[in-house]
Amino acid sequence: MPELPEVEAVCRRLRDEGLDERIRGVRIFRCATDAVAALTPGRRIERVERRGKHILVHLSGSVMLHVHLRMSGNFFRIPDHRLFSTYARTILELRGGAGLVLEDPRALARMHAGPSAEIEAAIAGVGVEPLSRLFTQAWLQAEARRSRLPMKLFLMDQSRLAGLGNIYTAEALYRARIDPKRQANVVSAAKLGLLHGTIVEILNDAVQSAVAAYSGPGQFREAESFSLAVYDREGEPCTRCRRIIRRIQQGGRSTYYCPGCQR
DNA sequence: TCGATCCTGTAG
DNA sequence: CTACAGGATCGA
1 MPELPEVEAV
11 CRRLRDEGLD
21 ERIRGVRIFR
31 CATDAVAALT
41 PGRRIERVER
51 RGKHILVHLS
61 GSVMLHVHLR
71 MSGNFFRIPD
81 HRLFSTYART
91 ILELRGGAGL
101 VLEDPRALAR
111 MHAGPSAEIE
121 AAIAGVGVEP
131 LSRLFTQAWL
141 QAEARRSRLP
151 MKLFLMDQSR
161 LAGLGNIYTA
171 EALYRARIDP
181 KRQANVVSAA
191 KLGLLHGTIV
201 EILNDAVQSA
211 VAAYSGPGQF
221 REAESFSLAV
231 YDREGEPCTR
241 CRRIIRRIQQ
251 GGRSTYYCPG
261 CQR
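In my numbering, the protein residues as written are 1 to 263.
Just so you know, the hints here were simulated from the structure itself, not pulled from any lab data. Honestly, I wouldn't trust all of these hints.
[As the list claims (entries may be wrong)] Derived CB-CB ranges, DEER-like: (1) Gln183 to Gly235: 24 to 32 Å; (2) Asn185 to Cys261: 30 to 38 Å; (3) Ala107 to Trp139: 33 to 41 Å; (4) Cys241 to Ile28: 50 to 58 Å; (5) Ile28 to Cys261: 43 to 51 Å; (6) Ala138 to Asn204: 15 to 23 Å.
Don't be surprised by glycine CBs; every beta carbon is placed ideally from N, CA and C.
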């Protein structure tokens, strides 16, 4: 599921469906620390915040629930906490028999709880929000100037810019016509300026799409989902230049790009 | 900075 | 069967 847009969708839904709810009980099967069971029961959900791909649920009494969905996690409300699916890993019981469930087939997701200060400290290293005012062309250019990482890895480093993952990084570099293998410090300021715009544009579009898709079977329209131009298109012709999309490995992950127009 | 690791599911 | 999966961390 989740890069920034999908995590944002989860947070918005949580705000709609979980705010002011009190956590009555906790059932941990996997993925959560004992602290969740020890600290969260009896507390009320006061605020839901996203930092990059991290979900912070502010609870009463200065305690926070910290959730990371990793590769395949999801976190949402269910009407009956006794009717959980196979992949339910941890359940927070709410009033009226409802529940919040952390679902994850791969069980890579993580949930932890602690005093707010402790949780804050734990995620202090998370970088700049790409949809905030801190993320400017000048900032991106300055950061790039002092990094020799290939652009793909440069953008995916969560301690610098927080929230881009494998898919949207590929899409942003494609739109900005930047070779993912190119070292950050040798990419032109002009290209970086363009990249800045494409990142913001792609994330905004993807948030819209994720929110629409995630609000379930829409009563009105089927949300048109974000369409991917390069990701998972190895062997297909580029729609811009007809060259064949390639897949390479970077940092142990697949990178998709067009060797024709990304340089 | 690479590779292995955490896990399970699915596609080929 | 193998390869790979929208993530992150750890040790070599």
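Hint-by-hint comparison with the structure:
1. Checked against the hint of 24 to 32 Å, the pair Gln183 and Gly235 passes, with Cβ atoms roughly 27 Å apart.
2. A C-beta distance of roughly 22 Å is found between Asn185 and Cys261, which places it outside the suggested range of 30 to 38 Å.
3. At roughly 36 Å, the beta carbons of Ala107 and Trp139 sit within the given window of 33 to 41 Å.
4. Distance hint check for Cys241 and Ile28: the Cβ-Cβ separation is about 51 Å, which falls inside the suggested range of 50 to 58 Å.
5. Taking 43 to 51 Å as the suggested C-beta distance range, the pair Ile28 and Cys261 conforms, at roughly 49 Å.
6. Hint check: Ala138 to Asn204, Cβ distance near 20 Å, so the stated range 15 to 23 Å holds.
The earlier numbered hint that this structure contradicts is number 2, and it is the only one.
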